[in-house]
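Undergrad: Whenever a hint applies, use it, and build me the whole structure from the sequences.
The listed protein sequences correspond, in order, to chains A and B.
Under our numbering, think of the first position of the first sequence as 1, with each following residue one higher.
Under our numbering, think of the first position of the second sequence as 1, with each following residue one higher.
Be careful, since some hints might not be right.
Below, in silico cross-link-like pairs of lysine to aspartate or glutamate (DMTMM-like), each with a Cα-Cα straight-line distance of 20 Å or less [what the hints assert, rightly or not]:
hint: 1; chain 1: A; residue 1: Lys-94; chain 2: A; residue 2: Glu-154
hint: 2; chain 1: B; residue 1: Lys-94; chain 2: B; residue 2: Asp-108
hint: 3; chain 1: B; residue 1: Lys-326; chain 2: A; residue 2: Glu-101
hint: 4; chain 1: A; residue 1: Lys-326; chain 2: B; residue 2: Asp-159
hint: 5; chain 1: B; residue 1: Lys-158; chain 2: A; residue 2: Glu-324
hint: 6; chain 1: B; residue 1: Lys-111; chain 2: B; residue 2: Glu-181
hint: 7; chain 1: B; residue 1: Lys-94; chain 2: A; residue 2: Glu-91
hint: 8; chain 1: B; residue 1: Lys-158; chain 2: A; residue 2: Glu-101
hint: 9; chain 1: A; residue 1: Lys-127; chain 2: A; residue 2: Glu-189
hint: 10; chain 1: B; residue 1: Lys-132; chain 2: B; residue 2: Glu-10
hint: 11; chain 1: B; residue 1: Lys-249; chain 2: B; residue 2: Glu-214
hint: 12; chain 1: A; residue 1: Lys-132; chain 2: A; residue 2: Glu-324
hint: 13; chain 1: A; residue 1: Lys-158; chain 2: B; residue 2: Asp-79
hint: 14; chain 1: B; residue 1: Lys-338; chain 2: B; residue 2: Glu-328
hint: 15; chain 1: B; residue 1: Lys-158; chain 2: A; residue 2: Glu-10
hint: 16; chain 1: B; residue 1: Lys-326; chain 2: A; residue 2: Asp-171
hint: 17; chain 1: A; residue 1: Lys-158; chain 2: B; residue 2: Glu-91
hint: 18; chain 1: A; residue 1: Lys-192; chain 2: A; residue 2: Glu-121
hint: 19; chain 1: B; residue 1: Lys-40; chain 2: B; residue 2: Glu-10
hint: 20; chain 1: A; residue 1: Lys-3; chain 2: A; residue 2: Glu-328
hint: 21; chain 1: B; residue 1: Lys-256; chain 2: B; residue 2: Glu-181
hint: 22; chain 1: B; residue 1: Lys-326; chain 2: B; residue 2: Glu-31
hint: 23; chain 1: B; residue 1: Lys-40; chain 2: B; residue 2: Asp-79
hint: 24; chain 1: A; residue 1: Lys-326; chain 2: B; residue 2: Glu-101
hint: 25; chain 1: A; residue 1: Lys-326; chain 2: B; residue 2: Glu-100
hint: 26; chain 1: A; residue 1: Lys-94; chain 2: B; residue 2: Glu-91
hint: 27; chain 1: B; residue 1: Lys-326; chain 2: A; residue 2: Asp-159
hint: 28; chain 1: A; residue 1: Lys-219; chain 2: A; residue 2: Asp-171
hint: 29; chain 1: A; residue 1: Lys-158; chain 2: B; residue 2: Glu-157
Everything labelled a hint here was simulated from the structure, so no lab data went into it.
All values reported here derive from a predicted model rather than from experimental measurement.
2 protein chains.
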Amino acid sequence: MTKPLLRVLEGSVLERPPIWIMRQAGRYLPEYRELRSRAKNFLDFCYAPALATEAVMQPLRRFPLDAAILFSDILVVPDALGRSVSFVEGEGPKLDPLIEEGAWRFGDVEKSLQRLAPVYETVERIKSQLPKETALIGFAGAPWTVATYMLQGEGGEKDRARRAAYHRPGDVDALLAVLVEATARHLAEQVKAGAECVQIFESWAEGLPPALFERLVLKPTEALIARLASLGASVPVIAFPRGCGGYLKLYTERVKAQAIGIDTGTDPAFASAAARPGQALQGNLDPQLLVAGGEALRRGAEAVIEGFRGRPHIFNLGHGITPEAKPEHLAALVDLVKGRA
Amino acid sequence: MTKPLLRVLEGSVLERPPIWIMRQAGRYLPEYRELRSRAKNFLDFCYAPALATEAVMQPLRRFPLDAAILFSDILVVPDALGRSVSFVEGEGPKLDPLIEEGAWRFGDVEKSLQRLAPVYETVERIKSQLPKETALIGFAGAPWTVATYMLQGEGGEKDRARRAAYHRPGDVDALLAVLVEATARHLAEQVKAGAECVQIFESWAEGLPPALFERLVLKPTEALIARLASLGASVPVIAFPRGCGGYLKLYTERVKAQAIGIDTGTDPAFASAAARPGQALQGNLDPQLLVAGGEALRRGAEAVIEGFRGRPHIFNLGHGITPEAKPEHLAALVDLVKGRA
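TA: Structure representation (structure tokens):
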């Protein structure tokens with residue numbers, strides 16, 4: 001029998017939505033914090049198949065979740081491309097930024113990605129240990145989101161990245177083309193290793209005028225999904241354009257994804273009206289409700305379930321779970337979504 | 001003859017839109033940086049009528065803008081309410097945050113606002129010096145945006161603020177009620193001193209689930225506009241719900257504002273479809289284009305003008321001008337919008 005999450009990605013409306021949680025393997029779990037302390041750098045942790053696999057399995061031992069997602073980071077792609085990515089405690093990622101003036105050079109994409117072999121080994125290991133009802137999701141950042149980090153050199157502000165899109169349009173388009181190719185290959189390798197579907201995180205779809213949304217978000221994501229198919233990796237795609245606001249309808253029309261991730265700041269009714277008929281939607285509980293818990297959590301979860309009722313729906317948060325979330329609140333949420341509360 | 005900006009707020013469609021720029025008095029101007037250096041703290045600068053008035057007049061000497069906006073800060077309201085606001089160079093504002101546990105107390109609103117007398121004196125001084133075609137805009141932060149700073153203690157993240165809305169709903173609603181009253185009185189005093197219209201900055205409308213958008217954004221803003229009218233300050237209102245995304249139609253229906261500010265990440269076509277018939281829209285050029293300049297600026301500005309053509313439109317950026325913007329690019333933009341390029 002097909003796993004519930006995959007059935008929804010095929011367009012089925014289930015009586016109760018399958019559930020998984022963005023960053024379900026993460027700092028809100030004490031066992032994760034212990035595990036994480038065994039590697040000095042975050043990327044070393046991501047590149048250690050035994051540690052990364054254990055991180056994925058931890059939440060599954062606590063909660064009957066319907067999917068596991070590879071433990072990795074969207075910045076492994078620029079890391080493989082030689083942008084010396086590092087994670088500074090409490091400050092987020094730092095990259096050797098692409099300089100505002102001067103040439104940008106990248107080596108051979110296929111060869112660069114060999115550095116990510118441990119990631120694909122992690123996918124294989126997870127696949128061999130997963131409960132049989134649990135789907136395995138691979139993932140990558142969308143080209144513009146990853147390009148933003150590469151242009152900016154860090155997270156947070158995106159001014160230098162957007163400025164580059166105006167100042168050096170040809171170079172930014174070439175960078176996006178490199179990222180389309182690298183990301184498609186990276187996802188195809190995950191699929192080859194056992195991923196049953198993939199999520200594309202467009203974390204920085206916000207704040208773009210129409211011409212840039214077209215050029216930086218829509219076109220590269222279309223190209224990525226087409227290239228993924230041409231590489232023979234024909235699995236369902238969940239595309240998550242966080243912060244895309246009023247562009248949602250345009251995005252669902254243009255991006256050929258089986259499911260669209262919906263962020264916390266979007267009304268499920270608005271999202272449903274923007275989706276293609278029968279298209280699955282994923283989301284969108286406020287992560288702060290897993291800190292708050294109690295009656296607010298129950299009402300919030302019910303509003304999400306009701307909001308997406310009648311269409312293929314994967315229950316999730318509208319953003320990653322935060323370190324302050326309480327595991328017992330997640331347990332209560334899973335019970336509620338599964339009708340056991 | 002009525003000033004062009006005020007005519008648009010009455011619903012007129014002008015051949016060329018009037019133009020002003022958010023943060024037009026600001027760090028991108030060398031003469032502002034010199035002026036700013038005369039006061040140690042930013043709030044001292046805001047509370048010095050001679051300095052604040054001069055800051056307002058500076059861009060008007062360079063560019064034939066259609067409006068001036070009071071030089072002040074949305075955080076003067078919590079400052080008046082006793083939250084000891086300070087601005088740390090390079091870090092943004094810091095407030096004595098409302099603690100997560102324990103009672104929140106505020107004194108008498110009318111009495112607290114007496115601290116803001118220098119702001120109203122500034123409005124009077126500006127009014128007496130303005131060119132006769134230039135409209136004078138007063139402003140304040142929307143209740144939720146100001147509350148977010150008060151709950152969080154700083155800008156940037158909003159997690160503690162949103163958590164408080166779930167954890168302590170009664171207290172957060174009471175805080176919003178205090179802010180509705182204080183903000184309405186603050187705006188009414190600006191109108192009494194000479195402001196011809198007011199802008200309400202809802203800078204943090206993003207990321208809210210429907211129930212919170214209703215409770216934190218829509219209801220307090222409706223209450224604020226109603227209270228402003230009941231205080232006799234019947235001037236046009238420009239409401240700017242930055243990042244409200246898919247809620248825009250709901251916002252335009254509920255918030256009785258003469259104009260709606262549109263952010264950079266919103267398609268003018270989407271905004272026009274969301275607006276009430278004949279309602280004025282303001283925006284929404286990407287501020288990065290005033291850094292980039294040249295052909296990209298020209299194309300971007302023309303797309304904005306075309307995007308709002310046929311409806312009452314006030315040309316502006318979709319976010320404040322940045323310190324990196326070049327004054328000569330703003331000069332070129334004003335010429336272009338006024339048909340002199």
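Undergrad: Indicate, hint by hint, whether the structure satisfies it.
TA: Here's how the hints hold up against the structure:
Only pairs whose Cα atoms come within 20 Å are accepted, and Lys-94 of chain A paired with Glu-154 of chain A is accepted, the gap being roughly 5 Å. Of the supplied pair hints, the one linking Lys-94 of chain B and Asp-108 of chain B is violated, its CA atoms being roughly 23 Å apart against a limit of 20 Å. Between Lys-326 of chain B and Glu-101 of chain A, the direct Cα distance comes to roughly 18 Å. Compliance with the 20 Å bound is thereby established for this hinted pair. As the CA atoms of Lys-326 of chain A and Asp-159 of chain B are separated by approximately 15 Å, the hinted pair is consistent with the 20 Å bound.
Only pairs whose Cα atoms come within 20 Å are accepted, and Lys-158 of chain B paired with Glu-324 of chain A is accepted, the gap being roughly 14 Å. A threshold of 20 Å between alpha carbons decides the hint, and for Lys-111 of chain B with Glu-181 of chain B the separation of about 12 Å falls inside it, so the pair holds. The suggested pairing of Lys-94 of chain B with Glu-91 of chain A holds, with an alpha-carbon distance near 19 Å, which does not exceed 20 Å. Restraint check: the Cα-Cα separation between Lys-158 of chain B and Glu-101 of chain A comes to about 35 Å, which exceeds 20 Å; the hinted pair is violated.
A hinted pair counts as satisfied when its Cα atoms are at most 20 Å apart, and Lys-127 of chain A with Glu-189 of chain A qualifies at roughly 14 Å. Proximity of Lys-132 of chain B to Glu-10 of chain B is assessed by CA-CA distance (about 18 Å); at most 20 Å being required, the pair is judged to hold. Proposed proximity of Lys-249 of chain B and Glu-214 of chain B is supported: the alpha carbons are some 13 Å apart, at most 20 Å. Distance hint between Lys-132 of chain A and Glu-324 of chain A is unfulfilled; the C-alpha atoms sit about 31 Å from each other, more than 20 Å.
For the proposed pair Lys-158 of chain A and Asp-79 of chain B, the alpha carbon gap of about 30 Å is over 20 Å, so the pair is violated. Taking the CA atoms of Lys-338 of chain B and Glu-328 of chain B, the gap is near 15 Å; set against the 20 Å cutoff, the hint holds. Proposed proximity of Lys-158 of chain B and Glu-10 of chain A is contradicted: the alpha carbons are some 36 Å apart, above 20 Å. Using a Cα cut-off of 20 Å, the hinted pair Lys-326 of chain B and Asp-171 of chain A is violated, with the two alpha carbons roughly 23 Å apart.
Our distance criterion of 20 Å between C-alpha atoms is met by Lys-158 of chain A and Glu-91 of chain B, whose separation comes to about 17 Å. With a C-alpha separation of about 11 Å, the suggested pairing of Lys-192 of chain A with Glu-121 of chain A holds against the 20 Å cut-off. Only pairs whose Cα atoms come within 20 Å are accepted, and Lys-40 of chain B paired with Glu-10 of chain B is rejected, the gap being roughly 41 Å. The straight-line distance between the Cα atoms of Lys-3 of chain A and Glu-328 of chain A is roughly 26 Å, outside the 20 Å bound, and the hint therefore fails.
A C-alpha spacing of about 17 Å is found between Lys-256 of chain B and Glu-181 of chain B, which places the hinted pair at or below 20 Å, so the restraint holds. At roughly 13 Å between alpha-carbon atoms, Lys-326 of chain B and Glu-31 of chain B fall within 20 Å of each other, so this suggested pair holds. A threshold of 20 Å between alpha carbons decides the hint, and for Lys-40 of chain B with Asp-79 of chain B the separation of about 17 Å falls inside it, so the pair holds. Our distance criterion of 20 Å between C-alpha atoms is met by Lys-326 of chain A and Glu-101 of chain B, whose separation comes to about 18 Å.
A hinted pair counts as satisfied when its Cα atoms are at most 20 Å apart, and Lys-326 of chain A with Glu-100 of chain B qualifies at roughly 17 Å. At roughly 19 Å between alpha-carbon atoms, Lys-94 of chain A and Glu-91 of chain B fall within 20 Å of each other, so this suggested pair holds. In summary, the hint linking Lys-326 of chain B to Asp-159 of chain A is supported, as the alpha carbons are separated by about 15 Å, within the 20 Å threshold. About 16 Å separates the Cα atoms of Lys-219 of chain A and Asp-171 of chain A, which keeps this hinted pair within 20 Å; it holds.
At roughly 16 Å between alpha-carbon atoms, Lys-158 of chain A and Glu-157 of chain B fall within 20 Å of each other, so this suggested pair holds.
Checked against the numbered hints listed earlier, the structure breaks hints 2, 8, 12, 13, 15, 16, 19, 20; every other hint is satisfied.
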